[in-house]
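**Q** Produce the complete structure using the sequences and hints provided.
Sequences listed follow chains A and B, in order.
Position one of the first sequence corresponds to residue 1 (our numbering), numbered consecutively onward.
Position one of the second sequence corresponds to residue 1001 (our numbering), numbered consecutively onward.
In short, the hints are calculated from the structure, not lab data.
From the three backbone atoms N, C-alpha and C, an ideal C-beta is built for every residue, glycine too.
Among the hints, a few may not be true.
Derived coverage of chain A by chain B (criterion: at least 3 residues anywhere in the stretch with Cβ under 8 Å from a Cβ of chain B; other residues may be distant) [what the hints assert, rightly or not]:
(1) 8-20
(2) 29-42
(3) 65-71
(4) 92-102
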Amino acid sequence: MTWHDTRVRWRILREIEASTHDDPTGALPWNDEYAAVFGDRDALIAALRYRWTNAQRAQLDLFLTEPVLDEQFCDLRERQAGVLRILERHDAEKSREALAHAS
Amino acid sequence: MRPEGPVRTSRSFLTWALAYGLGRSVIKGAARRGDLVGRLELDPALREDPFPAYEQLRARGPISRHRIVLATVDHAACTEILRGDDFGVAGGHGELPRPLRRLLAAVYDDGARGPVDPPSMLAVDPPSHTRYRKLVSRAFTVRAVKALEERTRETAEELLDRIASRGGDRVDIVEAYAAELPVVVVAEILGVPRTMHPQLLEWGNGAAVTLDPALTWRQYREAERNVRSLHSWFADHVAQLRRAPTDDLFSKLVHLDGDDRLTDVELHATGLLVLAAGFETTVNLIGNAVHQLGRHPDQLALLRDDPSLWPNAVEEVLRHDSPVQLTLRIANRDTEVAGVPIRRDEAVLTLLGGANRDPEVFSDPHVFDVRRENAGAHLAFSSGIHFCLGAGLARMEATVALRALYDRFPDLTPVGLPTRRGTRVLRGYEHLPVAVGAQQRASAGS
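**A** Written as C-alpha cells, this is what we have:
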C-alpha cells in the first residue's frame, strides 16, 4: 500500500466519522470510491473498528486521573458516535446471521 | 447531625484505606504496567466492552496469574472455585494479607458497616454463613416471591402510565422505569412506608456504591454518610417491628427467636444487602435487557410472537450481559483447580461475565439468542453457598417488568448513545434513552 493509498483510506474513515455522527440508524455509507479502496463492506467495517481500537489505545492514557480518563473516553465516544452505531449494527447483523445459520 | 470528631474521621479513613484505598493503588499500578486484570478495573474502554479482554484471558488457559490476583473466565474452573470448600470470601477483603484483614475487622465501626462488610452474607464464610443463610433464606421462599409478583406488576403499570402521560417520545428508561421498580419491591420486603420511598432510594443508591472495590476517599465518605443514615433508620425500624410485627419479610427476620435470633448488627447487614442488591442489580438487568433487545429487533419479534419465551430471554440477558461481572475468592488451603496449583491465601478473580461466554458451554457464546436452550447454565447469580438469595426475585421482577414494558410500548427503541455506570463489578446503564414509539396498547387494567 502506497502513502497515497493510506491517505485516501484515512480521508474516507474521517469522512465517515463526520457524515454519520448524527445518523441514528447505524447504516454504513457505501459508494464506488469506497468499493474501489476497501473492496467490500466487511473490509471497511474492519478498518473502522481498527481505527476505533487505535483511538482508544492512543488516547486513554492510564496515567491520567480517573475523572480525566472518563471525560476523555466520553469525548472519544461522542466524536465517534456514528462509527460506534455502525459497528453495533454490524455486530447485531452478524449475530442474526449466526442464528439463521445455526437453525 | 452532630459534627464528626477526629477519632471517627481517622477510623473512617483507616477503614477506607484498608478496604478500598490500598486495593486502588495496587490496581492502578498494575494497570499502568499493562496488567490485563488491572486494566479491567481502570480502563474505561474495557468497562464499556470487557469481552475482548475476557477472550485474551481465556487464551492464557483456565486460570491465569496476574500482578494482583489469579483470574479465570473458564466456566468449569469458576464453578469449581465457587462451589468448593477450598475457597472462601475471607471477610469480603481476601485481597488483603491476613494481618491487614485482622486490622480491618478491628477498625470497622458498627454504625458504618456497608452491604459488603461482615456480617453481610457476602462477606462471611461457614459456619457463620451457614447459620445466617439458613435463617434469611426462610424469608426468601418461592411463595414469598410469588406473593410479590402482583405488587410488582401493579407498580410496573403505574410507572408505564406515568411514562405514557408525560408526553414526548423520548424517555430515559433507566431513570423512569428500571431504577424505580426495584424500590417498591425492596420497600415491600423491608416494610418501608410509601412516604419513605424517595428517601430510601437516595440512601440506598448512595450506600450501594460500596459494592465496587475501588472507591476514592471522597466517594467512600459520601457512601458512608448514606450507610450511617440507613443504620440509624434501621435501628428505629427494628425497634418498631419488635413492638408491632408486620407481614413483610424483614419483620419475620426480626421476630426469629431462641438460637435463631438475629442480632441487630446482623439484621442491619441483611437490610443493607437487600437494599444494595435490590437496587443495583435488578436495575442493571432490566436496562441491559432493553439495550440488547433494541440491538436485536429480531429477538424482540420472537418474544412478541411467543411471550412464553420471556423467562428464557431474561436468562439470556443474565448470561450475555451479566449485571454482576465478577467475584473474588481466596484459597483456604493449598489446592489445585483445572491443573493449576493455587497456594493458601491466594486470591482468584472469577470473572462471571467471561465464564458466561465460555464456548465449551455455550455455542456461539457472543450471540444473543433468547431461544438458547442452556441460557440458564450461566453463573450470573454465582454458584455454591453464595448463590444469590434474591435470584428468584430478580428473575420475577425482570420478567414482569420487561413483559409489561413491551406490551405497552411494542416499538420501544433505544436512541442516542447510552451511558454506562462507572462501576466495574456491576455492569449496567446510568442512562438509556429510548423512543417509546407511537403504538401504545391499553394497559391491562384500563
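**Q** Each of the hints needs a verdict: does it hold here or not?
**A** So, going through the hints one by one against the coordinates:
Only residues whose beta carbon comes within less than 8 Å of a beta carbon in chain B count, and the stretch 8-20 of chain A has 0; fewer than three means the coverage is violated. Three residues within the 8 Å Cβ limit are the bar, and the stretch 29-42 of chain A against chain B gives 0, so the coverage statement is violated. Chain B is given as covering the stretch 65-71 of chain A, and this holds because 3 residues of the stretch bring a CB closer than 8 Å to a CB of that chain, at least three being needed. For the stretch 92-102 of chain A, the stated coverage by chain B holds: 6 residues have a C-beta nearer than 8 Å to a C-beta of that chain, and at least 3 were required.
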